[in-house]
Amino acid sequence: MNALPRAAELGLIGCHVCGLVCRDAHAAAGAAQVVACPRCGVALHRRKPASYSRTWALLIAAFIMYIPANVVPIMRTASLNDVDDNTIISGVVELWKNGSPDLAIIVFAASIVVPMLKFLALGTLLVSSRRGSNWARQQRAGLYRLVELVGYWSMLDVFVVSLLTALVRFSVLSRVEPLPGVIYFGLTVVLTMLASMSFDPRLIWDGRDTDD
Amino acid sequence: MGTTSEALIVCEHCDTVHQRLALSRGEVARCARCGKVLQRHYRLSTNAMLALIVTALIVFVQANMWPIVMLGLSGQHNSATLWGVIIAMWREDAGIVSVLVAATLFFLPLLKMLQLGWLLWFARQGRRAPGFVPMMVGLHYLNPWTMSEVFVLGALVAIVKAHAYFDVTPEPGIYAYAALTVLITVFAGIDVRQLWRTPGVAA
Ligand SMILES: [Zn+2]
Ligand SMILES: [Zn+2]
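Residue numbers (my numbering), protein chains in the order written: chain R, 570 to 781; chain P, 60 to 262.
Bear in mind the hints are in silico, worked out from the structure with no lab data behind them.
Watch out, some of these pointers could steer you wrong.
To be verified - Some but not every residue of chain R turned toward chain P, in silico, with C-beta under 8 Å: (1) Gly588; (2) Val676; (3) Leu733; (4) Trp774.
All C-beta atoms in this analysis are idealised placements derived from N, C-alpha and C, irrespective of residue type, glycine included.
Take the sequences, apply the hints, and build the full model.
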């Protein structure tokens, strides 16, 4: 037996909700049977159900939303003598020009780098795991943890637009209105979060060859 | 072993089976295969956690009642609370965003703190709270969807952006939010799952 035995090899399952280690009763009950965790009652799975197809579907949906999120303006600033529509990237440029390069970098990271990282990272994980590749497994596991950790920070721009909309309401003098880009962007963030939740990182280690 | 085991831990990220260790102060157990944190030692007692949650709830109420920032432009002034933000987005035909903001910054954080407070209140008396199992399962699912700390950074960005055109005055709400972020960071380290195994609380 291996020095690092895996639950599936030992006929065990760790409950994904409460963490309890249970004997895998699927074999006795029949594979199609639902086996509930004796402690918390949720259905036990050896691997997240339909992880590849769900993650791909959510990731592609997120990417489809991400295109208008970047192309369509997210916010309109209107004053007496001009109307200005801002996209995500023009908002970053404006921050940079107004003397806040540090915040510009933070917004750029949250709105552009993090979503791109999620598309590339989850795409790479899906393809390499499906192939049973044993390339850079430690690093891929770390990449998944990074995606989980930083994912929700992309909501930053959505909150900025919302707060400015509520604050800048000086009748005809000056107003801020949200534009549809911010809706697409909010949906992108939610969909990428759902995608990373549906990916099962155990698949990274489910390769053809046994082990190190 | 029977049908379940408390002596073992299965790594959620790679399915490797480990022995549960007795950790001492400050120690962290990581998975030998993938590096994910399996166990942490908590120095906070149930009482301390409960005190922390109650403090966070009070700060949360203030962060939501008090205005966050005030803008001034040629004699006019406007300020906004979190609910002002939610309502403004709803009126501006961004209903989806309004619902997202309400969920991630108000309802889910509130629900999380109330549930944790309830569970800890009973755990402190060595009892299992009514509704223990559904609440523990609920907490697991709502945990990734609370975003108060992102909002604090968002408020900072909004202030800097508005500063170019308006007189900006931070209001008490922003300080309450900053304090809330600190508290959230402290209890982000709490693994709620340990309640499943707390003597008297576990079935
Ligand atoms: Zn369970
Ligand atoms: Zn692991």
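Hints and how they fare:
no.	hint	verdict
1	Gly588	holds (5 Å)
2	Val676	holds (6 Å)
3	Leu733	holds (5 Å)
4	Trp774	holds (5 Å)
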